[in-house]
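J.: Here are the chains, one letter per residue:
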Amino acid sequence: MSNSLWPPRRVLLEAVVLVTFAAAAGMSLNYSMVMNAFSGRNVVSLPQKTAQSPEEKLPVPVDYEELDELLAAGALLVDARDRNLYNDAHLPGALPLPLGEVDARLDDFGKRVPRDTPLIIYCNGFGCPDSFDLGVRLLAEGYQQVQVYEGGFPEWRDRGRQLESGGSQ
Amino acid sequence: MKKLLYHLCRLGLAAVFLYAGYVKGSDPVAFAGQVAAYQILPYAFNYLVAATLPFVELLCGGLLLLNQRVRPALLVIFGLNSVFMLALFSLLLRGLDIDCGCFHPGAEGEATTSPQMALLRDAGLMLMIAVAWVLRQQQAGESLDD
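Chains as they are written, first to last, in our numbering: chain A, 1 to 169; chain B, 1 to 146.
Quick caveat, the hints were computed from the structure, so don't treat them as lab data.
Where hints are given, some of them may not hold.
[Unchecked claim] Incomplete in silico selection of chain A near chain B, CB under 7 Å:
| id | residue |
| --- | --- |
| 1 | 11 |
| 2 | 19 |
| 3 | 25 |
[Unchecked claim] Here are a few chain A residues that face chain B, going by a calculated C-beta distance under 10 Å:
| id | residue |
| --- | --- |
| 4 | 5 |
| 5 | 24 |
| 6 | 31 |
| 7 | 44 |
| 8 | 151 |
| 9 | 155 |
If you're wondering where the values come from, they're calculated on a predicted model, not measured in any experiment.
Beta carbons are placed, not taken as given, at the ideal position from N, Cα and C, and that holds for glycine.
Starting from the given sequences, assemble the full structure and let the hints guide the process.
T.: Shown next, in the form of structure tokens:
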């Protein structure tokens, strides 16, 4: 055995085996999450109806793959993130309705957007709850078709899609 | 004395990586979001990292704790730590002020760790890795035992 700082070949090999083994374990435990992420399906499943509130309406999840068709059919994107993030960049045509300002802005939103408009709400992805919470709120306000795009802003951006910046009119 | 120092470094690193692996491994979606905040990887690859990295940390931490296969484990966490430091350094260069995502995924509203602090902490870990490595190599040289 040498006393140098450089690792012996056996140690290097064992390190590679270690990483491979741990990565395989992680992949097998999180297989569906990773596969859904790569295939453009929702990674996070939305909460299901609970026994306590069978009457309450919940937003419907929408995958990245279904977005274009829904948008072409006239669905309106709603951005639930902070105003600053919206101004930096948002999905084309999206209206800002930050969850934190919803009480102050809902009247205005309601005047501009008819109740029968199909809405697709998004936020920061990765299990970000704001789009879902806003969806529940908008359903309670009488909007009939409310969907949540779980991948949200990060997925859209990282797929190289067009973004807009600046405030809304 | 050397022995004590070696075991202190080994156990300290084991505790850090077992803890880090556990908290991130138990909420992979939130951890993927933290990786995505670095804006280095394309969307789905953040999930790939979140699925695997915590388990590499857990396995290395476990081996260090049990004093088994210590040099391979040290080598791997040296590699991980180097990547973490590069990523943190890139945050500084790009002026991104995000939580480092080192430990608590989804700890919104709680105190977050700035890139500077995280770099400093990683430098401390690097030192412990180096000390443990040198002492372990010496041991291996003396006893042929690993």
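J.: Indicate, hint by hint, whether the structure satisfies it.
T.: Against the structure, the hints come out as follows:
no. : hint : result
1   : 11   : holds, 4 Å
2   : 19   : holds, 6 Å
3   : 25   : holds, 5 Å
4   : 5    : holds, 7 Å
5   : 24   : holds, 8 Å
6   : 31   : holds, 8 Å
7   : 44   : holds, 6 Å
8   : 151  : holds, 7 Å
9   : 155  : holds, 5 Å
Hint compliance for this structure: every hint is met.
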